[in-house]
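Undergrad: Given next are the chains, with one letter for each unit.
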Amino acid sequence: MEKQTVLNQIRSLAGTKAASREEILTVVDEALGLSDSYTDSFMSRFKLSVSGIVSVIGALIVFIGIIALVVQFWSGFSGTVKIGITLGVSALMLISALLVSYGREKSILSEVLFLLSALLLPVGLFVSAHVLNITVTNGVALQTSIALICLVVFGTLFLLTRRIVSMIFTTVFATWLYFAFLVWMVGSNPLFADRVFFSLITLIAGLAYLSIGHFLSKSEGQLGSLSGAFLTLGTIAFLGGGIAVGGVVGDSIFIFLVAGIIYASTWFGSRSMLVFGSLFLMGYILKLTSVYFADSVGWPLALVVSGFALIGVGYMGVNIGRRFIK
Amino acid sequence: MKNKLPLIVGLALPALTVVAIILAVYVPGMSIKPTYDFVYSDIPSNSYSYGYGARPLYGIDAQGKFFYNSDVCNAGVVMALPAGIQKLAPTEIADCKKNYAGMRMPKFYKYSFASGIQEIVTPEQLSSLIMKETSPEGYVVSRQYDNNGIFELFGSRGNNNTVFVQKGNTAHKVDLPPIQNPYGGYYNEFYFVGWVLK
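Keeping their order, the protein sequence lines are chains P and U.
Quick note on the numbering used here: the first sequence kicks off at 3 and runs consecutively.
Quick note on the numbering used here: the second sequence kicks off at 218 and runs consecutively.
Hints are not guaranteed to be accurate.
Lysine to any residue pairs mimicking SDA-like chemistry, simulated, CA-CA at most 20 Å apart [to be verified]:
hint, chain 1, residue 1, chain 2, residue 2
1, U, K390, P, G189
2, U, K315, U, N263
3, P, K220, U, V226
4, P, K220, U, L222
5, U, K282, U, N263
6, U, K384, U, Q361
7, U, K390, P, F199
8, P, K220, U, L228
9, U, K349, U, G281
10, P, K220, U, K221
11, U, K384, U, S345
12, U, K390, P, P192
13, P, K220, U, P223
14, P, K220, U, I225
15, U, K250, U, Q335
16, U, K221, P, L225
17, U, K250, P, P192
18, U, K221, P, A266
19, U, K314, U, I260
20, U, K390, U, Y328
21, U, K221, P, G223
22, P, K289, P, W301
23, U, K221, P, L161
24, U, K384, P, G189
25, U, K390, U, F409
26, U, K221, P, G226
27, U, K384, P, P192
28, U, K384, U, S248
29, U, K384, P, D196
30, P, K289, P, A311
31, P, K289, P, L202
32, U, K221, P, G157
33, U, K221, P, M169
34, U, K390, P, A143
35, U, K384, P, L193
36, P, K220, U, F409
So the derived label-pair ranges between C-beta atoms look like this [to be verified]:
hint, chain 1, residue 1, chain 2, residue 2, range
37, U, S248, P, I97, 51 to 57 Å
38, P, G252, U, P245, 20 to 26 Å
39, P, I255, U, S248, 28 to 34 Å
Keep in mind the hints are simulated off the structure, nothing from the lab.
Every residue gets a Cβ at the ideal spot worked out from N, C-alpha and C, and that includes glycine.
Input sequences plus hints: build the corresponding full structure.
TA: In structure tokens form, the structure reads like this:
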């Protein structure tokens with residue numbers, strides 16, 4: 003078939019509106035192997051309209067405004083007012099969100115109200131603890147308590163509403179609780195005071211994100227659209243924690259972690275995992291060059307070798323993407 | 218069930234990590250039971266020594282004997298200074314006395330790990346003891362800063378003096394009784410001197 007004929011057919015198809023612009027582009031991307039199933043599914047499943055984006059920006063402006071107001075007149079407020087404009091507003095937003103969302107599947111207003119409530123809840127709890135003079139010997143213990151309360155509130159909301167925003171904040175608060183509780187438990191114990199401990203718990207958090215991302219990729223509806231975000235964040239945390247472990251043993255094991263992520267990217271069909279896996283592999287090559295080889299073979303030769311290795315990684319990444327990720 | 222396996226793994230991993238860390242922190246520490254007492258001070262040994270040849274205020278010498286330089290300006294020492302530490306020149310003494318007039322002198326405390334009892338001891342009492350930095354049972358004492366934040370975010374390292382007794386890959390936090398601040402209230406300054414050998 004002539005190229006011009008094909009293009010004319012596409013033009014007439016688009017002109018009669020038998021197929022939308024997005025549908026035509028999706029078909030072309032799939033044919034060329036350019037689509038990222040996770041990223042695209044996010045965009046298609048969770049369509050953010052212009053009004054939605056404006057609403058989210060508006061919510062953030064309201065949040066910043068409340069914070070600015072609190073900071074500006076903080077000393078002049080009574081304790082009750084301080085709690086009211088933070089925790090009270092958060093509770094009101096939460097109730098409003100529940101009322102607005104009742105019976106509606108995709109109300110952007112309820113998502114915005116949930117967002118505001120989630121942002122103000124930890125601030126309100128910190129303020130309440132301060133006003134009520136709830137003293138704890140350790141700052142991390144207070145963080146753990148607040149993270150736990152936030153998790154219980156938004157975890158319950160998620161179970162009740164299955165809304166995407168409640169899922170996001172349940173994850174945020176659970177992650178916060180995980181790190182705060184571990185740091186609190188370890189305290190100032192000298193055996194856990196080094197970078198390796200923090201690197202390993204970050205690596206495990208990344209692994210948990212990857213696992214949940216994989217689970218979500220099989221879910222239908224809005225929640226499934228979060229799988230791409232989970233896989234991306236999971237990859238960054240997993241490989242970020244892995245590369246930060248350092249030392250001869252840590253550096254030796256890291257190559258297997260990167261290989262695992264790149265292999266898993268083809269299995270999960272995630273382009274973002276492949277991209278970040280390749281980027282971390284490049285970072286790893288540069289790290290090995292500077293730590294182990296720059297002094298022995300000299301910087302010029304080390305740079306030449308690592309440069310070729312980086313080209314190889316880039317070529318490999320592009321090839322894997324084309325061949326295995328549709 | 219098979220479909221939910223990734224979700225179960227994703228939720229179980231952090232939970233198991235928390236359990237493993239709690240066990241790793243608390244279980245090995247339970248085996249730490251030093252039978253020797255240790256001595257500490259509420260002022261660092263290098264106080265008042267800047268610019269004057271870094272003369273230590275107190276310490277233990279190579280033989281484990283305690284020494285205490287009650288007059289930091291060296292005009293007349295109560296106990297003999299360790300070998301190698303020189304007295305100040307007369308001009309330096311006058312300068313030193315001017316700088317350090319009214320200074321707070323250290324107090325010494327002896328703590329028994331077994332009984333949890335802490336008592337104030339005088340330098341004279343300590344001078345009859347032999348002390349070492351490592352106990353005969355292999356324990357060492359370290360002072361650590363508490364974490365008040367995560368990754369130094371949302372708070373920072375606190376200035377609480379938390380004391381640990383360590384041996385190999387085990388550590389146990391020591392809950393020392395608070396010591397009275399001369400300016401009122403209580404505080405928990407801790408500067409390790411040595412383990413008292415029996």
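Undergrad: Checking against the hints above, which ones are violated?
TA: Of the numbered hints, 11 and 36 do not hold.
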